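Go by the hints and put chain B onto chain A.
Quick mapping for you: the protein sequence lines, in order, are chains A and B. Just so you know, UniProt numbering puts the end of the first sequence at 307, numbered straight through with nothing missing. Just so you know, UniProt numbering puts the end of the second sequence at 307, numbered straight through with nothing missing.
Careful, some of the hints might be misleading.
You can't tell identical chains apart in this list, so a pair holds if it fits in one copy or across any two.
[Claimed, not checked] Cut-off 27 Å, straight-line C-alpha distance, at most; resulting in silico cross-link-like pairs (BS3-like, lysine-lysine):
| id | residue 1 | residue 2 |
| --- | --- | --- |
| 1 | K84 | K142 |
| 2 | K142 | K290 |
| 3 | K142 | K278 |
| 4 | K142 | K119 |
| 5 | K290 | K278 |
| 6 | K290 | K119 |
No wet-lab data here; the hints were simulated from the structure. Since this is a predicted model, take the numbers as computed values, not measurements.
Protein chains: 2
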Amino acid sequence: MIAVAQMGPISLNQTRQEVVERLIGLLREAARQDCELVLFPECCLTPFFPHWFIEDQREIDQYFEREMPSPVTKPLFEEARKLKIGFCLGFAEIVENRGETRRYNSSLLVERDGQIVGKHRKIHLPGHVEHRPQNPFQNLEKRYFDVGNLGFQVWNAFGGVVGMCICNDRRWAETYRVLGLQGVELVLLGYNTPMQIPEYPDLNPLVGFHNQLSMQAGAYQNGTWVLGAAKAGIEEGVEQLGESCIIAPSGEIRAVAKTNGDELIVHHCDLDETIPYKGLLNLEVNRQVKYYQLITQEPELDCDSVL
Amino acid sequence: MIAVAQMGPISLNQTRQEVVERLIGLLREAARQDCELVLFPECCLTPFFPHWFIEDQREIDQYFEREMPSPVTKPLFEEARKLKIGFCLGFAEIVENRGETRRYNSSLLVERDGQIVGKHRKIHLPGHVEHRPQNPFQNLEKRYFDVGNLGFQVWNAFGGVVGMCICNDRRWAETYRVLGLQGVELVLLGYNTPMQIPEYPDLNPLVGFHNQLSMQAGAYQNGTWVLGAAKAGIEEGVEQLGESCIIAPSGEIRAVAKTNGDELIVHHCDLDETIPYKGLLNLEVNRQVKYYQLITQEPELDCDSVL
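So here's chain A without its partners, still in its complex pose (with noise of 0.2 Å):
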């Protein structure tokens, strides 16, 4: 059994301790349903700030992690370790290395032992990188973080295997693809997702309809479990789309949230039923890849286009 850890907005007047309470809160009952993993969702520590504009890099500094787990998180770990059940769990990263600093939007996969099996830092920024005071809310993603520089891996973990990405990685056919080639059959994502696009007003009605398809059609072409956790509801003025759920290889929509709240949603998800889509798909005798060149070569920008 998995769960998939739906959450409800988090304040900017919650503290970590107090957030990892509610984590901890989830894990338990994933525990008393005998779930062996929950997935939480992206940046799940704090709300999501590149929803608006800071100036102070300090100030922006205070939403990342030095270290995982931390004296605030380690009793997740503790907790999880205690129960046997390992988790997905996204924050935001900083590192230094040899005196340059790297922020990263970052997921981790913890497996039932407590030990750490995985790591994913988010490869598509949505967003922009200038502050855009007339918008409602703010999309800063590509101002706060630098692209991540892990790719696509997949891990041995769960009894099979396992890849991560997160919410704007989940709408590229590139990410389903490049897990799929390398077997996955369980992708862990966590989103982050307003029900308004300022640029686009225009595409707000179909917020959740491109959510689940990007998500159904990874699973289908690939042959794989997708589920996905959402941080929900209205957080600090911005209004998140909920509907976490848990896809199957078919492209079938197994399980969804139902409230814009914490809430927990488990399925079984066999990965057997993998088995018949990926003979059927048979990607590496049917793919042409002499073809597929124009997707892995560099674009040709003028400067405009970049910012």
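Only chain B this time, still in chain A's reference frame:
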């Protein structure tokens, strides 16, 4: 206005000339509805012969066209030019070049002035090479056809950027992405899709869902219209999916066939609807090709898995 011309089955005792008369009938109906373009299905001049095993190569070759237009197909081309309506037509193509014979599953794009502006040769051949007499029908595309050698191209036609693919090509995210990277606004495809998958019968109930899911995701993930024309109904004992459809750049289904016979579905495909999706995607800026390299690497095959 664009028309998708679904076709009901073509029986073995129907002549090419009779089939061309059906195509002309659909073409005229589209002209009456002020369409500028009609999309016909895959291999729509004959029954879909890969569904049975034929030993005699001369008999196989009777399903192929040696020239286009040929004396028997010329009336279609002439009627279209007269009506100032373009079309996309799927057919089996045989080519002799320097003493070598190649056979492709092809489609042609013909502009309103009668000029042939584009050709696609199916890249992704499903099915198997060997006869499987235990199956209720065959899927011998890998036996009868060569892998297309033209890649995925686009053409400036019908006031936009038009691409083609055929049947199984539509299940691969790579197809849409390679077209999307060339700015495609309108993807035209035909299909012959059995309602049964003999090797994986558990998947039968999902044949229609998977048909739509692939095209919807391809549309949304590249901000393009996707049009699919089925050869539908029970053809020489093989039941085929209908559900010919017109899908918007949002991924929404705008029109879908209601019958399993010859049927025209018509929609005003406004190419400007691609703009917000292409804007949001911003493919040149947001893709991270460095991490997609697996997608264009040749797989390492052992001999067994090739056959």
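| said: Need the list of violated hint numbers for this structure, in ascending order. | reply: Those not satisfied come down to hint 1.
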